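Enquirer: Here is what each chain is made of, one letter per residue.
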Amino acid sequence: MPKLYDLTTHDTSQPYAPRGFQQATLVLCPWQKVFLILLVIGLIVWGIFDWKTEIFVINVVLTIFYLASTLYRMLIIELALQKPREIQIEPSELEHPPNGKQWPKYMVILPMYHEGDILPHLVEGLSNLDYPKDRLDIRLLIEEDDDETMGVAKSLDLKPPFVIIPIPKSYPRTKPKACNVGIEDGEADYLVIYDAEDKPDPDQLKKAAHAFARCPDNIACIQGKLGFYNPNQNLLTKCFTADYATWFGLCLPGLDCLQAPIPLGGTSNHFRLDILRKVGGWDEYNVTEDCDLGLRLFSDGYRTRVLDSSTWEQACPDLGFWIRQRSRWVKGYIQTYLVHTRQFFKLHRSLGFWNSIQFHLLIGGSFFSQLINPFYWLMTLIWLVFRPAGVDQFFPAPVFAMGAFCLFVGNFIFAYTSSIACVRRGAGHLAKIGIIMPFYWLMISIAAWKGFLQLFTNPHHWEKTKHFANE
Amino acid sequence: MSQSLDTTRQAVAPLRTPPFFWTVCVIVLAIVRAQFGGVSNVPLTLHQSIVDSILAGNDWGRQALIGNLDSPLLPTLGLLAANLVSKLLGGNPALMLCSISQAILIICFVKLACDRRKWILAALIVLVPPAIPLIRNLCLNLDPNWCSAIPAAIAICHLRDWQETGKLRDLLVVAIACGLLAFAGPGPLVLTIAFLIVLTYQKKEKVGGDWSQHRGLRTLIWMPILYCIALWFLWNSLIFNDMFFGLHELFNRSQATIKHPTMPYDFHAIIALVATYLILAMKTTHRSTARCLLPAVFVIPLTAYFSARLGLGPAGLGPFGVILFITAGTLVYLADSSTKSVMIAVRIAFLIALAVACVHGNVNSTYPIDSHEIKHFTTMPISEGQTMDAPSQEELIEFIDKYWPNSRILVCGSRLPALYPDPEEKRFVAKLFFSEEDFIRQAQEEQLHILIPPPDGRFFPTHRSTLADIHENGRDWLFLEKVFPNNWQLWRSTIPPKGESKLLRQNQ
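Chains as they are written, first to last, in my numbering: chain A, 3 to 473; chain B, 297 to 804.
Honestly, the hints are just simulated from the structure, not real lab data.
List time: in silico DSS-like cross-link candidates among lysine-lysine, alpha-carbon distance up to 25 Å:
(1) A:Lys85 with B:Lys463
(2) A:Lys5 with A:Lys135
(3) B:Lys463 with A:Lys434
Stretches of chain A that chain B covers, calculated by requiring three or more beta carbons in the stretch to come under 8 Å of a beta carbon on chain B:
(4) 408-418
(5) 432-438
Values in this document were obtained by computation on a predicted structure and should not be read as measured data. Heads up, the beta-carbon is just placed ideally off N, CA and C, and yes, glycines get one too.
Generate coordinates for the entire structure from the input sequences, incorporating the hints supplied.
Expert: Listed below in structure tokens is the structure:
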């Protein structure tokens, strides 16, 4: 097929923005490097001369950060609970196209790599989508050298709307690069991306088409909710389910309510295809390209909404693979934060004051808190068990009050929120899992540190999520 | 029947007024309420002395905040916040706290009425309570426990909303508000548990809500209160190195109860509400709410009685009684029934309860220890230490200054330090509990006296009490310096201090 749009050619003279927008080609830009080096040197020197004041000041700053994050999170949850913000489409509306004539043309892309074993199930699942087949263009994006998946795809003798798009072998070998290649040709009104193991609600495309028709033109993306079809497999999948339910059931609707920048979730992102191409598609160097795209859309003036329709995925049941997946997410969040803060003042001008605060709390705050949490937990544990003398000097009354609020109220609210999210998601039997969520957060912090360290050793390495055969 | 009634109720869409409007209403009502002033009382003195001690950074304040059954955590924190605000804005912190708490309570119910477009009910909620002597007297009592009325009122109003709309958020607010009540003292805790037990049972029967078919609601209902109880144990452990310090205190008190305690309020009126709630719980559209509150009608007088026998204060129970009254009135106004006679009966029952409240309006506003102490507490400003039977602060200081000018006097418990307030601990050292080891250790550092009240259960439990034993038998390292009238004893430590007195150091 002819290439209508170019989303892959790089301008090598622009190492930080090879395709016209800031990308994660390099981890740090020059000023960020200088700033971090000066910060580290400054902290060391300060520590040598007056370590007590230094620890005190750091503690005050971190406590205020914790308090702000906790209050912000509570605000988001409260807004989500006040009234449903997700776009609701009644089943009766789905009987007719939104414009009354014909359904808009929909492109579905499925990046795959070594997933031949689940491809037949995927094709079967997508065949069940309740959408006119002549208005669908389902693209299986298979790496050229992935003989296994390509072999299975060819053996299935796929007919339209299924199309196999071979992805040429080139670097970086990431999912977003495959997606960019996949949308360089073809015409459609909307596009959605699914993972190979996804099971979307059959009427999701129709709902999304209606949702787009209902929304103003600046709504570039509609995010479907993600859930897991194997929540009960083991303790990890239960916690993961509660975590996802919180994010997609409470946090995203709350952010939607605040009209804040929404970091997109990996799949079930429905786009207006023309806008997606206009903003340059995904950043192939970013390992959480969806999060980056959500922010880029926002800073370009586009908005994202949440649709009340679910896509069911597989919760990773293996701790090792889960940590890898989670470490990639954290690494990607850090990449995204660093990329978007390269042009610090421009970013803040485009976002405005309140949205900038939200950006820092949401993107910067989430990975930062995951990184520092273990230290504070350890400190709390030492304080509870050994009651060491001299700790008081680092916690004057106001700081102690803020810290105690975060410790005793904040942590409970977060755990309680997990239980609430499970009930709202229809997984009320998992509500008790809220009690053990702190242990899950500990694992998140372990993964966060893995991702953080990997950012400096192997920034573009894609820790692929392993999809286990259905049991 | 219930479904048809629910449908009728939901036919009128609830009125949604912006929160800002209600905030303004609370402020205005609080200002109006503050104009009427209030009466100081024992709970206020006790809470205020704890707050003063916390602000001065003393251990006793921290200990009394957590491990003291007389002054629950929530009102103390409320008073602490009011003290901090009053430092900025001026005014009496206790009056500020009570005015705001009462205003929030009233506005919660006014909002409930306004959301349903019941304007007359809203007006009645504002105007009628001050006209009832019992409620008026309770409201004029500047008891920091009014602070506990806020979560209680919020819980009841959101319970009503949840039972009508089935919105999960309302149920969560109920659960969190009930969780906070775990910090409102033993009485409110028992009430809340009774309330939640009925609510847990009720949710199974709930009709019309979106969430009733979902599992996990029981976890959501109980999680906050269980967490708060667990926190209380944790804090006991942190402060006293004994997770069950508070429970031990309760157990010790239960071993030596007061046989004929004086009840702090007239509970006739609350007991008179039984008929109203019973009828509401059986045959009306608001039976779900009434069923949840029905146990409270029995539990409040019972809890008050047993608290009195244990020598505990009636923390929060007075405000709960007021809430029960207002809720009953609101439900009677809003309720409907397919049987006309039921509505007539419930209205008559409520009017009788109102009449009883008008006749019996006595509020003792003190701890139900015995009539002697009530007289003492209500007639004398105890913050000055001028009491009928206890030696005054000045008397004690004058005495020890004659012979031991560098000595400080140890006062133990929660009530005794309130009689001899000294946040800076210049002459009186407050301890929540008496530990011989700690006393001996401290006596090696400085010259100490210890004041021991008569062992009659008023200031410390008599069962397994070291203080009672000292009062009776003394110790080798203590010398009885003086016995004041009514058997108050002042003992002096005979352990020679190693260093100089703290008093001397402070003076220097």
